[in-house]
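Could you build the full structure based on these sequences and the hints that come with them?
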Amino acid sequence: MGTGDVTNGLAARYSAAFAVYLADRSELALGAAYDLGREAVKAQLSVLDVADAHHSAMRDVRAGDDATLSAAADFLRESLSTFETVHRGYIEVQEVARLEHEYVQQLRALADASVAINSSLTVEAILQLTADTARGVVHAGRATIAILAQDPRHRPLTATSPPRLSDGDAHPARISAHLTGRGKELGVLEVVDEHHRVFSARDEAILTQLAQLASVAITNAQLYERERTIARTLQRSLRPGALPPVHGLSAAVRFRPAGEGIELGGDFYDLFAAGDGAWTALIGDVQGKGPDAAAVTALARHTMRAAAAYESRPSGVLRLLHKALRDQTGDEGRFCTVCYAHLRVGWGEVELDLACGGHPLPLVVHPNGRVTPVGQLGTLLGSDIEPQLTDVTVTLGHGQVLVLYTDGVTEVRRRRQEVFGHRELVALLETCAGLPPDAVAERVETAVLAASEGRLRDDVAILAFGPTPQPKETDG
Amino acid sequence: MGTGDVTNGLAARYSAAFAVYLADRSELALGAAYDLGREAVKAQLSVLDVADAHHSAMRDVRAGDDATLSAAADFLRESLSTFETVHRGYIEVQEVARLEHEYVQQLRALADASVAINSSLTVEAILQLTADTARGVVHAGRATIAILAQDPRHRPLTATSPPRLSDGDAHPARISAHLTGRGKELGVLEVVDEHHRVFSARDEAILTQLAQLASVAITNAQLYERERTIARTLQRSLRPGALPPVHGLSAAVRFRPAGEGIELGGDFYDLFAAGDGAWTALIGDVQGKGPDAAAVTALARHTMRAAAAYESRPSGVLRLLHKALRDQTGDEGRFCTVCYAHLRVGWGEVELDLACGGHPLPLVVHPNGRVTPVGQLGTLLGSDIEPQLTDVTVTLGHGQVLVLYTDGVTEVRRRRQEVFGHRELVALLETCAGLPPDAVAERVETAVLAASEGRLRDDVAILAFGPTPQPKETDG
Amino acid sequence: MARDTSERIAIESDADVVTARQRARALAIGLEMPSTDQTLLATAISEIARNITTYAVDGRGEVLIDLVRDARGRRGVRVIARDEGPGIEDLERALTDGYTTGGGLGLGLPGARRLVDEFDIDTGPGKGTTVTLIKWAQRG
Amino acid sequence: MARDTSERIAIESDADVVTARQRARALAIGLEMPSTDQTLLATAISEIARNITTYAVDGRGEVLIDLVRDARGRRGVRVIARDEGPGIEDLERALTDGYTTGGGLGLGLPGARRLVDEFDIDTGPGKGTTVTLIKWAQRG
Ligand SMILES: [Mn+2]
Ligand SMILES: [Mn+2]
Ligand SMILES: [Mn+2]
Ligand SMILES: [Mn+2]
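Protein chains in written order, with UniProt numbering: chain L, 1 to 476; chain X, 1 to 476; chain F, 1 to 140; chain S, 1 to 140.
Hints should not be assumed to be uniformly reliable.
[As the list claims (entries may be wrong)] Sample of chain X residues facing chain F (criterion: CB under 8 Å; computed from the structure):
1. Ser46
2. Leu48
3. Asp52
Calculated from the structure, these hints are not laboratory results. Note that CB positions come from ideal geometry on N, CA and C, so glycine has one too.
Printed below as a string of structure tokens:
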């Protein structure tokens with residue numbers, strides 16, 4: 001602090017000013033001591049430099065009488081008064097620093113809480129985290145958050161921190177902040193403490209900030225919950241369910257829509273009782289993926305279920321579906337492929353009429369390991385051209401399994417290279433001779449998922465069935 | 001600061017210690033000056049008190065020789081050294097306070113940004129706000145945020161602040177923070193400034209905190225967007241569309257699902273060409289509201305559209321729908337009411353066969369202002385009992401309008417009090433004589449919304465139609 | 001608080017500041033205020049007078065100095081400094097020791113505030129500044 | 001940095017602190033260090049020695065004082081204070097002038113740090129504390 005030059009300059013000026021003061025003892029001369037001290041502080045000289053300057057001045061006057069000593073005391077005191085100002089400022093600034101540091105701690109706690117609160121997807125979790133944060137960040141005894149019901153059908157929600165109430169004060173100190181979302185009142189966040197507690201303006205500011213961020217998180221969670229409920233419920237309601245048990249028929253299905261968080265795609269399948277005591281088994285693929293395609297699968301399934309009550313020829317049902325797809329209003333046209341089978345289940349065998357509208361032909365796995373396609377290729381449904389469809393009759397005997405599948409099974413690509421195609425499927429099925437339909441479907445699904453490395457680029461559906469083995473067959 | 005007693009005590013002890021030092025000039029005696037000064041600081045005495053104590057000691061020794069003055073200088077210096085420590089601390093703590101205050105400003109900016117960022121529902125808006133905040137909060141020249149594509153079908157996204165790039169430094173100073181969501185890498189947030197800029201550890205901490213909160217907001221927005229897309233797309237795809245134009249028929253529809261953010265409920269309607277050149281008009285209400293009911297409306301509409309291709313008797317179509325509802329797998333049974341009309345549109349008149357499955361009977365508005373129900377009440381569809389349904393033939397002539405509606409129109413309650421019911425509907429329709437179907441539907445909807453004070457408790461659907469007025473009719 | 005005496009000193013130059021210091025010191029001596037407190041009072045006057053000569057219009061203002069007595073009979077010196085200057089826009093900042101801008105040394109108004117027993121300031125953009133301070137003769 | 005001389009002083013009582021101060025002052029005078037800096041050096045030694053007598057096991061430790069010279073030929077007095085005490089758990093806090101806990105006066109280690117040109121501390125729970133400080137004879 002300070003350099004020798006400035007220090008020496010100080011000593012000389014101090015000595016001269018002191019000599020003036022000794023001569024006239026005037027306020028003007030004394031004011032010079034104040035000026036010197038103030039300059040020393042501004043030049044960041046040390047208080048020790050002033051002490052040394054004082055002593056060199058004393059050496060210069062070389063007098064020890066009371067009057068001189070008294071004047072010296074006055075002069076030194078005056079020259080140190082600015083140092084005293086700074087000294088007192090130290091204690092004050094230390095308090096400022098402490099308060100700012102406390103504020104930093106609160107704001108950091110708030111920032112951490114913000115991340116945690118916004119990471120919560122349920123309103124309940126947000127409320128509890130907010131109450132806990134409120135209590136912690138203002139060091140209070142208890143915090144409560146309450147939000148109104150969004151809707152007359154819902155209940156209001158509250159959370160308290162700590163969860164269990166103590167008896168508490170009859171007249172506690174309290175501060176609160178309103179929760180608002182998109183211009184509407186959401187609820188209130190309140191903090192209470194013992195009655196002698198005085199909450200600071202900063203505590204209120206922090207609570208308000210917390211209420212604000214909690215409001216946003218609650219609003220987001222409510223919006224998310226609403227859309228998620230709609231999305232989940234619709235997808236689950238539209239998705240084909242488990243296969244019904246059919247006497248004499250063993251059937252299995254595997255169904256995997258592509259896309260994270262998606263439960264329903266453009267692939268579909270169905271197995272249901274047709275009007276005439278027979279059964280219908282079908283698989284299909286709507287052009288495209290995701291929810292747009294999914295809505296069309298509902299149309300396809302419901303249409304074919306209704307048509308099957310009136311119509312036993314597969315080609316007839318598919319023609320009606322073609323018309324229904326063409327009649328769709330609003331949406332731009334959607335194409336669809338379907339493989340439709342009308343089944344008469346007998347004793348150890350299944351006779352089926354089969355039509356394929358633009359769909360890959362199903363494969364029969366024979367007990368000897370041979371794999372053969374059945375049916376005849378037909379036209380895509382829903383397009384401009386009247387579909388060409390052919391009904392083919394097939395009988396599945398003991399140990400034969402028919403595998404219906406969508407193109408997601410045979411067009412598995414990785415880095416633009418087909419890694420599982422028709423050839424691989426046939427080769428795999430050749431190893432499935434004698435296996436029941438569920439095992440066959442399982443093997444196919446496993447192979448496809450492995451080839452896709454867990455990331456499907458298209459929906460995958462597999463429907464496999466055959467006559468149930470009849471234990472008495474060879475005995476009877 | 002300090003009291004007279006302590007000050008006087010200081011003066012006496014100072015004088016005594018100084019006398020000792022004058023006698024032996026030892027380090028031990030000099031150390032006493034340090035101790036006195038330190039005690040004075042701890043007792044929060046003023047530096048002026050020390051100066052005064054010094055001068056009373058000088059008065060006591062009453063000597064002005066060089067040796068004494070030199071010893072006095074040593075002793076005063078030593079006694080002031082602790083004050084110097086505090087003085088230096090002031091400057092240091094002031095810097096600490098300034099830095100803490102700056103940190104407070106950054107954290108407050110971060111808290112504000114957190115609210116703004118989490119209030120944004122699109123990833124693009126979040127990215128821009130994050131880049132702007134990053135640049136502002138660390139006072140840098142430019143900030144860039146980039147996130148990877150979630151899915152091979154999507155593009156990566158970036159945002160820059162300011163949006164336009166300046167030429168910039170060839171070797172700028174830079175700091176960055178990773179964005180991660182649910183354990184996966186999302187992208188990176190980077191800040192650059194002129195090459196001489198030195199980013200502090202606090203700048204890095206702030207950037208990391210910002211990256212963290214942005215990551216959560218991005219993840220939430222992606223999740224929300226996904227669910228919202230599914231919900232929107234499915235609802236729009238399942239929702240019945242606009243009415244097709246039908247030569248000779250004037251028809252209008254009003255449709256309002258209950259519930260905020262919901263686009264599709266349990267009410268439905270349809271108007272489509274039946275198989276035999278005739279048309280089908282229908283309205284229905286699935287038990288319950290919201291997405292659960294909505295999926296069943298798809299089943300109902302698609303089933304009836306398919307059945308209408310084979311079946312012209314309304315009761316036949318409704319029986320098939322009953323069966324389809326009963327066959328539904330997975331879901332617990334859902335009931336449904338439908339009013340179904342098979343229309344033959346002629347020259348200035350419409351002949352219709354009508355069946356009502358558990359649905360309120362439609363009302364005819366006559367040109368003279370009379371309002372009469374038509375059709376015969378039938379049984380709810382989808383329940384355990386085989387429905388009782390009756391086909392009734394009705395002819396609508398010039399100026400007659402048939403109004404089909406769901407119970408949401410006639411069961412408007414407010415505070416458990418019915419405020420708009422069947423009686424009010426009939427009274428309203430009596431004022432609609434001579435109005436075209438669209439005006440009638442409009443009036444009914446307006447009355448229902450007014451009675452509900454804008455908050456529907458049930459879905460509302462209204463389908464009104466009648467023969468198109470034939471201008472040549474009377475001339476021909 | 002009863003007023004004993006009063007003197008009004010126009011502040012236009014450094015010489016006027018000396019007059020004010022002297023007047024205050026004379027009153028303080030009359031109250032037998034300790035010499036260290038006399039020094040602190042004089043320093044506080046210098047700091048607020050400096051505020052006038054530095055910031056007020058034409059560097060002009062006035063200082064009123066008088067003796068006061070509180071309800072408990074305690075006596076002290078009161079100094080009121082007024083100017084018609086631009087006023088202080090951000091008072092909190094002007095009094096928080098300059099730490100927000102860094103490197104302040106805590107002199108000026110915040111320094112003066114620390115040296116006296118009571119300190120009050122009335123200011124605002126365009127309305128000038130009035131500083132009132134009191135140093136009691138007996139310590140609390 | 002070349003070592004010129006070295007002296008080891010056991011710190012067990014206040015008398016030992018005086019010895020250390022004296023030794024350091026003698027070396028400082030030999031380097032013609034200004035008297036104000038001599039005082040600051042002695043004060044720093046008192047503060048770190050006080051740290052030993054207050055916190056170390058049995059209040060014991062040792063101080064090494066020697067002359068050092070840096071690469072540019074500048075000479076100074078170096079003081080190394082060691083103890084086998086419990087060590088300092090939260091060093092940052094011990095050095096941040098007590099402002100986090102409020103009301104500290106900035107003496108002790110943070111005070112000593114401010115009075116010298118170089119200051120280094122090596123400590124940790126259970127490993128004792130070593131403080132090294134240097135005061136250069138010529139100002140930077
Ligand atoms: Mn598809
Ligand atoms: Mn596909
Ligand atoms: Mn309903
Ligand atoms: Mn209803």
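Would you check whether Asp52 of chain X satisfies its interface hint, that is, whether its CB is within less than 8 Å of any CB in chain F? Since the shortest Cβ distance to chain F is 6 Å, the answer is holds.
Identify whether the interface hint at Leu48 of chain X stands, where standing means a beta carbon of chain F within less than 8 Å of its own. Nearest chain F Cβ about 4 Å off; hint holds.
Please verify that hint: Ser46 of chain X, Cβ, nearest Cβ of chain F, below 8 Å or not. holds (6 Å)
In the structure shown, no violation is registered for any of the earlier numbered hints.
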